[in-house]
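Spelled out from the first residue to the last, the chains are:
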Amino acid sequence: MQLTRVRRQLMAASCALLGAGAQSQEAAAPQKEDSLLDRLLEGVSFDSALAYYREDGRIQAIEPVVNVSKTFADGEVATLNVTFDSLSGASPNGALPSNVPQTFASPSGTSLTTGRHLYTIAPGRLPADPNYQDDRIAVAGNWDLPLSRLTHLSLGSKVSGEDDFVSVSVNASIAQDLNGKNTTVALGLNNEFDLLRPIGGAPVPDSDYAAFNKNGSKTKNGTGVLLSLTQVMTRHWLSEFSLSWDRFHGYLNDPYKITSVLDSAGNTGGYVYESRPDERTRKSAYFENRAAWGQMSAGLSLRYMKDDWQIQSDTAQVHLHWSFANRERYLEPSVRWYRQTAAAFYTPWLTTEERSSIGNGNQASDSRLGAFHAFTYGVKYAHKLSDAAGLAGSEFSVRLEFYQQIQDHRLPAPELLQGLDLYPGLRAILAQFGWRF
Amino acid sequence: MALLGAFSVEPRGSDLVAVCFTAMASPCEVLLRASQLKVARELGECAAEEAWRIEQKFSRYLDDSVTSRIHAHRGAAIELDEETASLINFAERCYTISEGMFDITSGILRRAWTFDGSDRLPQAALIETLLPFVGFDKLKWRSPLLELPIGMELDFGGIGKEYAVDRAYDLLARNSAGPFLVNFGGDLRANAPPPRGRWQVGIEKPDREGEAKMILELERGALATSGDSRRFVLRDGVRYGHVLNPRTGWPVAHAPRSVTVAASSCTEAGLLSTLAVLQGSRAREFLSEQGVKYWVLD
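Sequences listed follow chains A and B, in order. For the first sequence, position 338 (counting from the first letter as 1) is numbered 337 according to numbering that gives the first Met the number 0, and the numbering increases by one without interruption. For the second sequence, position 75 (counting from the first letter as 1) is numbered 74 according to numbering that gives the first Met the number 0, and the numbering increases by one without interruption.
Be aware that a few hints might be false.
As the list claims (entries may be wrong) - Here are the in silico distance ranges between beta carbons for each label pair:
| # | chain 1 | residue 1 | chain 2 | residue 2 | range |
| --- | --- | --- | --- | --- | --- |
| 1 | A | Thr-150 | B | Arg-283 | 57 to 63 angstroms |
| 2 | B | Ile-77 | A | Pro-145 | 48 to 54 angstroms |
| 3 | A | Ser-68 | B | Glu-288 | 39 to 45 angstroms |
| 4 | B | Arg-173 | A | Val-158 | 35 to 41 angstroms |
| 5 | B | Glu-216 | A | Phe-286 | 46 to 52 angstroms |
| 6 | A | Leu-242 | B | Glu-288 | 32 to 38 angstroms |
| 7 | A | Thr-150 | B | Gln-55 | 23 to 29 angstroms |
| 8 | A | Ser-68 | B | Ser-13 | 15 to 21 angstroms |
| 9 | A | Thr-222 | B | Asp-14 | 56 to 62 angstroms |
| 10 | B | Arg-283 | A | Val-138 | 30 to 36 angstroms |
| 11 | B | Asp-80 | A | Gln-8 | 46 to 52 angstroms |
| 12 | A | Thr-182 | B | Ser-25 | 54 to 60 angstroms |
| 13 | A | Ala-284 | B | Asp-14 | 27 to 33 angstroms |
Unchecked claim - Pulled a few chain B residues facing chain A out of the computed Cβ check, cut under 8 angstroms:
| # | residue |
| --- | --- |
| 14 | Leu-86 |
| 15 | Asn-88 |
| 16 | Phe-89 |
| 17 | Cys-93 |
| 18 | Gln-122 |
| 19 | Asp-154 |
| 20 | Asp-169 |
| 21 | Gly-196 |
| 22 | Gln-199 |
| 23 | Ile-202 |
| 24 | Ser-264 |
| 25 | Glu-267 |
| 26 | Leu-270 |
| 27 | Gln-289 |
| 28 | Gly-290 |
| 29 | Val-291 |
Keep in mind that the hints were calculated from the coordinates and are not lab data. No residue lacks a Cβ here, since even glycine has one placed at the ideal position from N, Cα and C.
Construct the entire structure; sequences and hints are all you get.
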């Protein structure tokens, strides 16, 4: 037997056997020819959701999401995610409530006394642009490819566009399995480029609101690094620890946010556009533990974040996953607690003295930069369907979340504003319906 | 097609399910993604039916099998269906390639040997009387007509299980997009890695039946194992394995107890592992020459 030739000959013989057999079987039971669509849809899964979000008395959003992923025979996975957001309602502009009516101009306005773009806020009400409307579409693609048995590379890109904002980001991460796949270390890099084209132009930071000192577009750039370690502790316990660092620079202001300037009695003397530093560096640490036993699993995650704006935040989240009815249904309650300290330049309002003394300092009254704590209570219920109508393996889900934010940074109100709710906080609900097939 | 036997669906880890059944006297399973349980069950059923179909069609022990029909018509030409004809063609190719070492007519030699772990050796004379009835070249084969000479036997056992794995694999590949692994009694084939990691395959080690298995990892492709730790004759300290040399009627000397080979199809892997065992002490040399991945246990 000529050894080296055996394999090639056997391969040919096997092909002849298996090819011939396949033909005879097909002849016996003719199969429907796969259409191009069938072939394209091989290994494809769809995950879709429709979310409705509403802030108490403010904006509401409707957000459909479609996620399509395709697994190729060689283990590569391509994912495409398309999200559309439609926001409308009243968006707080950052000014304080007052004891007198206040008149503001919508972003497209050019004057506070004439024109169609004015809105007036009644005494005691939180100033908010009532005609806020923004649509956003975001498309994200990700490609996950195994480089070897133990190494995975993931490449992704995301583009998102709004009327007044375009963001493009790219990311790459590499994960290495070690220690018999009980340990995974991963390194990820992210780069983002944003173009802001605010309606009416980007305001000059710290400029007088009534001066309409706005010009053109602005940009900001961000770079991030993530290092993570995932460890299987026992058969039922998984731990993950990660550190991340990111830095943004450029025009970091919200172009539609202004700060009230008050005299010592509380009379509103005017407004200035917010002025944030043009650089922000964040560092965060994240620790998550997941445990499973029987039909139950639970997760506890903790995050600590610190930035050079002097915001520090802590997040703790607990979730439970309880599956029943032969794992065809599950219930997932969760609670999240969040707390942050205020940015160094956060102030609910500026006094006329501060206004004249600070000059070109940084200031912002955006409550998202203030000190607050928040709770999120959520529950998700999912039902896997396995009927005969071709929906085998599909899953319907409903998620409900309630969010409550309470401002912690409370300066004593000036005399004229006493009794007004200067720190209204935020309450919001989210309802999401999902369908995966 | 009616179900011929029972099968069960068992979870394997969080991502996979195993559809388990028995066919060809072996425990069989098909591993599939658990996310689409109903689809997994249907595909498993499909694979089980294919295994049972092949078992029924080619079993020596069933009266209505093709093999029994061929045996019933010894001395006369009968017309074979296309699938059987292609298996006979394949067996002929293997006989030629292996220069007579692989022979589907050699099953008759087992009458002389009882591989029960005892010390019973056959009478040399008995083997000599059986040898004239062994040899593929004695068949009158012109596809699709086969004439089996009187006194001879055919046995598809040497390729049937691997062939069934490949057949079931083809069926699943045509009807499923997700990753799957077909494992019929240790001969197996997978189309793509499972959702996480690789397929973990246990290969039994000789002498430690049922317990310590050698674990192999597989992403895709086929594995087949030849040799069997449980079937041997032990005499004067010499262990005669169950792999018989069709040309001598005696077990191959110094044959490894188990040879596992990786190849693109299970049929190919099975033949390579069988031929390696037939090489006796030269098994490793043979396998190295083939440029395949292999695992040999002595």
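Hint check results:
Between A:Thr-150 and B:Arg-283 the Cβ separation comes to about 31 angstroms, which falls outside the hinted range of 57 to 63 angstroms. Remark: the range hint 48 to 54 angstroms for B:Ile-77 to A:Pro-145 is upheld by a beta-carbon distance near 51 angstroms. Look at A:Ser-68 against B:Glu-288: about 43 angstroms separates their beta carbons, and that is inside 39 to 45 angstroms. A hinted range of 35 to 41 angstroms holds for the C-beta pair B:Arg-173 and A:Val-158, which are about 38 angstroms apart.
Distance hint check: the CB atoms of B:Glu-216 and A:Phe-286 are about 31 angstroms apart, inconsistent with the given range 46 to 52 angstroms. Separated by about 52 angstroms at the C-beta atoms, A:Leu-242 and B:Glu-288 break the suggested range of 32 to 38 angstroms. For A:Thr-150 and B:Gln-55, the hinted distance range of 23 to 29 angstroms is not satisfied, since their beta carbons lie about 46 angstroms from each other. As the Cβ distance of A:Ser-68 to B:Ser-13 is approximately 18 angstroms, the hint placing it in 15 to 21 angstroms holds.
Separation of A:Thr-222 from B:Asp-14 is about 35 angstroms and departs from the stated range, judged on CB atoms against 56 to 62 angstroms. A hinted range of 30 to 36 angstroms for the beta carbons of B:Arg-283 and A:Val-138 is inconsistent with their spacing of about 55 angstroms. For the hinted restraint 46 to 52 angstroms between B:Asp-80 and A:Gln-8, the CB-CB distance of approximately 25 angstroms leaves it violated. Between A:Thr-182 and B:Ser-25 the beta carbon distance is about 37 angstroms. The supplied range of 54 to 60 angstroms is therefore violated.
Against the hinted window of 27 to 33 angstroms, the Cβ-Cβ separation of A:Ala-284 and B:Asp-14 comes to about 30 angstroms, which satisfies the hint. Taking 8 angstroms as the C-beta contact cut-off toward chain A, the hint placing B:Leu-86 at the interface holds, the least distance being around 7 angstroms. Among the interface hints, the one on B:Asn-88 holds; its C-beta lies about 7 angstroms from the nearest C-beta in chain A, closer than the 8 angstroms criterion. Hint status for B:Phe-89 relative to chain A: holds, with the closest Cβ pair at about 4 angstroms, below 8 angstroms.
Satisfaction of the interface hint for B:Cys-93 is found here, the shortest Cβ-Cβ separation to chain A being roughly 6 angstroms, below the 8 angstroms cut-off. The closest approach between the C-beta of B:Gln-122 and any C-beta of chain A is roughly 30 angstroms, which is over the 8 angstroms cut-off, so the hint fails. Interface hint at B:Asp-154: violated, since its Cβ lies 17 angstroms from the closest Cβ of chain A, which is beyond the 8 angstroms cut-off. Satisfaction of the interface hint for B:Asp-169 is found here, the shortest Cβ-Cβ separation to chain A being roughly 6 angstroms, below the 8 angstroms cut-off.
Interface hint status for B:Gly-196: upheld, as the beta-carbon distance to the closest one in chain A is roughly 6 angstroms, under 8 angstroms. Of the supplied interface hints, the one on B:Gln-199 is violated, with its beta-carbon coming no nearer than about 11 angstroms to a beta-carbon of chain A, more than 8 angstroms. Interface restraint check: B:Ile-202 against chain A, minimum CB-CB distance 18 angstroms, threshold 8 angstroms, status violated. At a threshold of 8 angstroms, the smallest CB-CB gap from B:Ser-264 to chain A is about 5 angstroms, leaving the interface hint in force.
Among the interface hints, the one on B:Glu-267 holds; its C-beta lies about 4 angstroms from the nearest C-beta in chain A, closer than the 8 angstroms criterion. Restraint check, B:Leu-270 versus chain A: the minimum CB separation of about 5 angstroms is within 8 angstroms; hint holds. Checking B:Gln-289 against chain A: minimum C-beta separation of about 4 angstroms stays under 8 angstroms; hint holds. Against a cut-off of 8 angstroms between C-beta atoms, the interface hint on B:Gly-290 holds, since the closest Cβ of chain A lies about 7 angstroms away.
For B:Val-291, the interface hint holds, since its Cβ comes within 8 angstroms of a Cβ in chain A; the closest pair sits about 7 angstroms apart.
The structure does not agree with the numbered hints 1, 5, 6, 7, 9, 10, 11, 12, 18, 19, 22 and 23 stated previously, though it agrees with the rest.
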